Amino acid sequence: MTDPKVVARPDAAVSAEFAELASDERIARAAAALERNGIRPLLAATAADARGLVGSLLADGSEVYNNTSQTLEAIGVADDIERSGRYQPLRLRLYRMDREMQRRELRILAAAPDYVVGSVHALTEGGSLLIASASGSQLGPLASGAGQVILVIGAQKIVADVAAGMRRIYEYCYPLEDARARQAYGVPSGVNNILVINKVMTPGRITAIIVKERLGF
Amino acid sequence: MSMFDYDARPATPGVVLVGTRASRGAYAIRDFLSRNGYPFEWIDASQPDAVRAVLGGVDVEPSALPLCILPDGSRLASATVEQVAAGLGMVVAPSLSEYDLTIVGAGPAGLAAAVNAASEGLRTVVVEAVAPGGQAGTTSMIENYLGFPNGISGSELATRATVQARRFGAELLLARPLTSVSADGPGYIAGLSDGTLIRGRAVLIASGLEWRRLEVPGVDDLLGAGVYYGAGPSEALACAGSRVVVVGGGNSAGQAVVRFSRYAQQVTLLVRGNDLGASMSQYLIDDVTALRNVDVRVRTQAVGVEADDRLRSVIVRSEDSTEAAGLRADALFICIGGAPRTDGAKGIGLVTNRTGYLVTGSDVASDPSARWPLPREPLPLETSLPGVFAAGDVRCGSVKRCAAAIGEGSMAVALVHRRLAEVGGD
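So the protein lines, in turn, are chains A and B.
All residue numbers for the first sequence refer to the working numbering, where the first residue is 1 and numbers rise by one.
All residue numbers for the second sequence refer to the working numbering, where the first residue is 218 and numbers rise by one.
Hints were generated in silico from the structure; no laboratory data involved.
None of the values given here were measured: they were computed from a predicted structure.
Warning: the hint list may mix true and false statements.
[Claimed, not checked] Listed next, the stretches of chain A that the computed footprint assigns to chain B, with coverage defined by at least 3 CB atoms under 8 Å from CB atoms of chain B:
id, segment
1, 70-84
2, 94-102
[Stated by the list, open to error] Heads up, incomplete: computed chain B residues facing chain A, CB under 8 Å, no partners named:
id, residue
3, 226
4, 372
5, 376
6, 381
7, 384
8, 385
9, 476
10, 479
Even glycine gets a Cβ: it sits at the ideal position worked out from N, Cα and C.
Just chain B, same shape as in the assembly (with noise of 0.2 Å):
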C-alpha cells in the first residue's frame, strides 16, 4: 500500500549531513549533492534531539561539523565536497591512456558534444567540476526549448543527456576541476585537480561562466548563510513561507523568481536595468510579472546587507530615491550574468577578449596576437591553438542561451573530426 511513489524517496539509505543552515561548507555539500541528484537528509545541528537521532544518541562536537554519514555508515567529520564525493565512489579514474576529444564541462555545450562525438565512435572523455548540467542545470523550468511543448527542468535535461552521453560510450569524470592544459604533440594533456592526467587528441572548452560576484560589502560572509549565488535549488524547500530577494535581470533571475515563488511568501526581484525586457525572454516576463507573490524593482540596486548569523535583510537603493531602504530577507540569490570560466586553460596562453571569453575562428584569425601557427585558417570554433576548440558560454559571441549552447556543442564535434583528419588516425 504504497503512500507516496510520486513525492518517492529512495528505498536504501542515502547521505545524512549534519550542520547549521550558517554554514558555508555545509551549504557547499547540500549544493553538491543536490546538483548531482545523490539524495540526502539534512538534519540541523540546531535540533539535538534530531541529531542524537541520527547518531544514536549522542550529540555532536561543533568542531565535526559538517558531519556527513555515508550510505555504508562511516562517517566524515569536518566534510569537505571532496571527501563526500570521494566517499560516495563519485570520483573515478579514466578508462582510457588517450582519448580523441577531452571536454571540458558538462553543461548543455559539453553534454551535447558528448553524445554527437560518443555517437559518432570518438573515444570521449568529459571532465566537470561539479555536477552535470552547467547553470542550465540549475534552472527549474525551460519552456522555449525545441521539443518540449511543457517545458523541461534543466536538471532533467541534464539528466537526459548524461544517460545518453553514457549510453554512447562516453565517460564523465565528476567533482574535478581542470587546474591545467599542456601541449603533447599535436594533442593536449589535461589535468585534473586530483592530479588525475588525461591525454586527448582534442580538446572541447565548454566550461561556461562562473555567476559574477555581487560587489556589496558583507555579501561573502554570508555565502551559504542566506546569500547564495545562482538558483540554489537545494534551498528552494528551505524557503518556504520565507523573504526572498532576487538580483539580476537576465532568465536565471527569472528562472528563479519563478521557483522560489511557489515556497516563499514574498519574493522581490531587483533589476538594475529600466525593465526586464532588456535582457529576459518574454515568457519568463509574462511568468514573473503574473506572480501575485513576486515584487519586480526596477532601477533598483542591493547596496548592502545586514545578518547576525546569516542574512536578515537585504539594503537597495532605487535610481529614483536617494534613501538606501531596508528590504527583510531571510534569502538572497544573485543571477546576474557570469564570468567565462577558463581558470585551468588559462596557462596554455589560449588568446581571449578583454573581458576573458575565448576568441574563436575568424576572430583568432584577425588577430595577430593569436599568433596561429598554421597555414590555414582556424576552423569555426577553434581558439587560437589548432586542435582546441570552445564551445557555449564560454566562447566570446556566443548566444547565452541554452538551444544556442547544444547547437555549438554538436557542431564542434564536425570540426574536430576535420582535426583529427589533419593529425592523422581519424
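The shape of chain A in the complex, shown without the other chains (with noise of 0.2 Å):
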C-alpha cells in the first residue's frame, strides 16, 4: 500500500479525473462484478429514485445508522432517517449519550445497527468497495457488525481497480474531506483506515445504489 504519509497531501490538486461520471458500459461492468462478489447492485437514475430505493429496503421500526456522508445528505436520506419517524435512528440516540458516562454503550450501540446506510470512496470494475475513514468506527459495522448495509454510490466514484481505487482516496476524497472536517470540526481529517471487501460470505446482506449521478465525493 502507498505509504499515506507521502500520498495524502491535503493540499494537494484535486484530481478532476475523479469527478467524472462513469459511462453506462462501466456502470454495468461494475453492477455485474458486485453481484459475482455476493453483494447486490441496485440501479438508480437519479439521486431521487435512490432515496425512494433506500427508503424500500429499511425497515420500519429498525435501528438504522446513518454514516457521516455527504451523499446521504444530498439526497435527503440523512434526514429521513434522522425525521421521519420511521426508524430508530442511532446517531440522534448516541448523540443524546453522556460522553463521559457511556462510552460502553456507545461503543456498543453504534457496533452493530440493524442496517448501516453510507457510502463509499471507491467502487471498482472488478466489484470491490473502498471505504477510508480517519476514527474507524464505521468500519466494523460495514463488514460485520450491521445486519445489512446499504451504500449509495454516485457514479463517478467508479474506478478501474483497487490501486486507482486509493489514488481515489488520497488524490480526490481526502483533500476534500479534510477541508469538510476544518471547517466542520476544526480539526483535520485522515486517511487513517482503509476497508476494501472483495466478496461477502452472506450474499444480499450489502447493497449497492449505484446512482448515475455525481453524488458527494
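With the hints as a guide, bring the two chains together.
Structure (C-alpha cells):
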C-alpha cells in the first residue's frame, strides 16, 4: 500500500479525473462484478430514485445508523432516517449519550445496528468497495457488525481497479474531506483506516445502489 | 473519512437555542430538549459573534430571549417549553376515542406497565408531563439493574423501554401534564394541560416524585442560573472545570456526584445525616468515596447562597461547628428526595397518606375514610377508587428503587385485567 504520509497531502490539487461520471458500460461492468462478489447491485437513474430505493429497503422500526456522508445528506436520506419517525435513528441516540459515562453503551450501540446506510470512496470495475475512515468506527459495522448494509454510490466513484481506488482516496477524497473536517469540526481528517470489500460471505447482506449522478465525493 | 462516528452528531439540522446561562426559561428548554434526547445547539447570548453567526449577521434583542430556531428555520422569540414542543411536532393527539388503560407518567413504573399492557393487547396510552424516564431517566448509570452487568444509564433504559412500548402499540403523549381525572361510568376521563381528554376504562397513576424543594433563602431565585433540581444532565458539559456542590444523601445524589466528577474540577457532596449508608446503595458509596475530586461532608447542610447574576457560592454549616462557611460553587444540584406528584389526580378524591403518597390495596380497606364502594376488597395497587391503580414511587409504601417500580408497573397490568373483567369487555 502506498505510504499515506507521502501521498496524502490535503493541499494536493484535487484530481479532476475522479469527478467524472462513469459511462453506462462501466457502470454495468461494476454492477455485474458486484453481483458476482455477493453484493446486491441496484441501479438508480436519479438521486430521488436512490432515496426511494433506500426507503424501500429499510424496515420500519429498525435501528438505522447513517454514516457521516455527503451523499446521504445531498439526496435526503439522512433526513429520512433522522426525522421521518419510521426508524430508530441511532445517530440521535448516540448524540444524547453522556460522552464520559456512557462510552461503553456508545461503542456497543454503534457497532451492531440493524442497518447501516452509507457510501464508499471507490467502487472498482471488478466489484470491490473501498471505504476510508479517520476514526475507523464505521468500518466494523460495514464489514460485519451491521445486519444489513446499504451503500449509495455516485457513478463518479467507479474506478478501474483497487490501485485506482486508492489513488482516488488519497488524491481526491482526502483533500476534500480534510477541508470539510476542518470547517465542520476544526480539526484535520486523515486516511487512517481503509476497508476493502472484495467479496461477501453472506450474499445480499450488502446492497450497493449505483446512482447515475455525481453525488458526494 | 468519517471523523467522529462515536461522537456522532445529527447529520440534519437540530434546534438552535439562544439564551443566557442565567435564564430560567432557557434552562427549562435545555432540560426539556436534553431529557427528550432532542439534538440542540446552545448559543450563549453573551457571545455576540456566535449569535450573529446563527442569526445571519444580526444581533438578538434581549426581549426575544430565549430564542429558539427550529429545524425548519422558523424562530420562536421568548420561547417556552410548550411552544418548542409544539413546534417540534412532539404534541400529538390521542388516536383512539377510548383506551383500556391510561397510564399517568412515563418513568420506570409507567413504561413497564405500558410494555406489559400493550403486549397483552390492551389499548394503552401513556401521558407524560416532560419526557420518558422519570427520575431514573436522568440517572447516569444504574449498576444494579438485573441483566446489565456493566450497568445501564437511566436515559438508555428509558429509550429502550419507550421503543419497546411503542413497538407493542402503546401511545405516548408527551409534554403535557395531567390536570384532572374525572369519573366516566365505570371508567375515567383524564384531562391534559392543553385540553386533551382521554377516556380510559382503567387508570394507572405512576407519576413518581418531584424533587423536594430546598428551603434555603435565595435558592429559588437562582433556578437555572446555577441551581438545579436533580442531576441536570443538560448541565454536565457546562460543569467542565467548575466547582459543583450536590446536596442529598440518596442514590440520586450519589449518581449526580459520579456524573459531575467526570467533568467538574471539584465536587462537594453535602449530606445531612451521619453517613452515606442510611440511604445510598453500597456500590454508589464505594464509587463516590473512591473519587479523588469528590469531598463528602456529612452532618452538613446548605444554609444559604451567594450570587450576582448567577450562583457564586453556597453557605454551609456543619453540625460539628457553630460557624457557617462559604463554599465557592459554580453549580448547586439538589437531590434531596421527593414529594409525590399527584397534582392532576387530586381533584377526584384519591386517598393519600399524610405526606401525599397514594394509598392502595389493604391500606385502603383498613382506612374508613377511604369509603371503598365495592363489596370486594381493593386489589393490591388499587387506590380508593375502583379501577384507578398506583405504582412506583408515588404509591404509599413503595420501595424507592427503579427495579421495584418496574415490578409494580408490570404487576399492575394483571390487576387491571381483573378490573376490566369486572366491568365487562375484557
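**residue 226/B as an interface hint toward chain A, with CB separation required under 8 Å** = Result: holds, 6 Å to nearest chain A Cβ.
**Prompt:** Going by Cβ atoms only, is residue 384/B closer than 8 Å to chain A?
**Reply:** 6 Å, holds
**Asked** Hey, does the residue 381/B contact hint survive, CB to chain A under 8 Å?
**Response** 11 Å, violated
**Item:** Status of the residue 476/B interface restraint (C-beta, 8 Å, chain A)
**Value:** 6 Å, holds
**Prompt:** Would the stated hint for residue 376/B survive a check requiring a Cβ distance to chain A of less than 8 Å?
**Reply:** Interface hint status for residue 376/B: holds (6 Å vs cutoff 8 Å).
**Message:** Using a Cβ cutoff of 8 Å, are there at least 3 residues of the segment 70-84 of chain A near chain B, or does the coverage claim fail?
**Reply:** holds (count 6)
**Message:** Can you verify the interface hint for residue 385/B: is its Cβ closer than 8 Å to any Cβ in chain A?
**Reply:** This interface hint is violated because 11 Å lies over the 8 Å limit.
**Request:** Double-check residue 372/B for me: the hint is only fine if its C-beta lies closer than 8 Å to a C-beta in chain A.
**Result:** The hint holds - residue 372/B has a Cβ within 8 Å of chain A, the shortest such distance being about 7 Å.
**Request:** Return the status of the interface hint for residue 479/B: holds when the least beta-carbon distance to chain A is below 8 Å, violated otherwise.
**Result:** With a minimum Cβ separation of about 4 Å from chain A (threshold 8 Å), the hint on residue 479/B holds.
**Prompt:** Does the segment 94-102 of chain A contain three or more residues whose Cβ lies closer than 8 Å to a Cβ of chain B?
**Reply:** holds (count 9)
Hint compliance for this structure: hints 6 and 8 are not met, and every other hint is.
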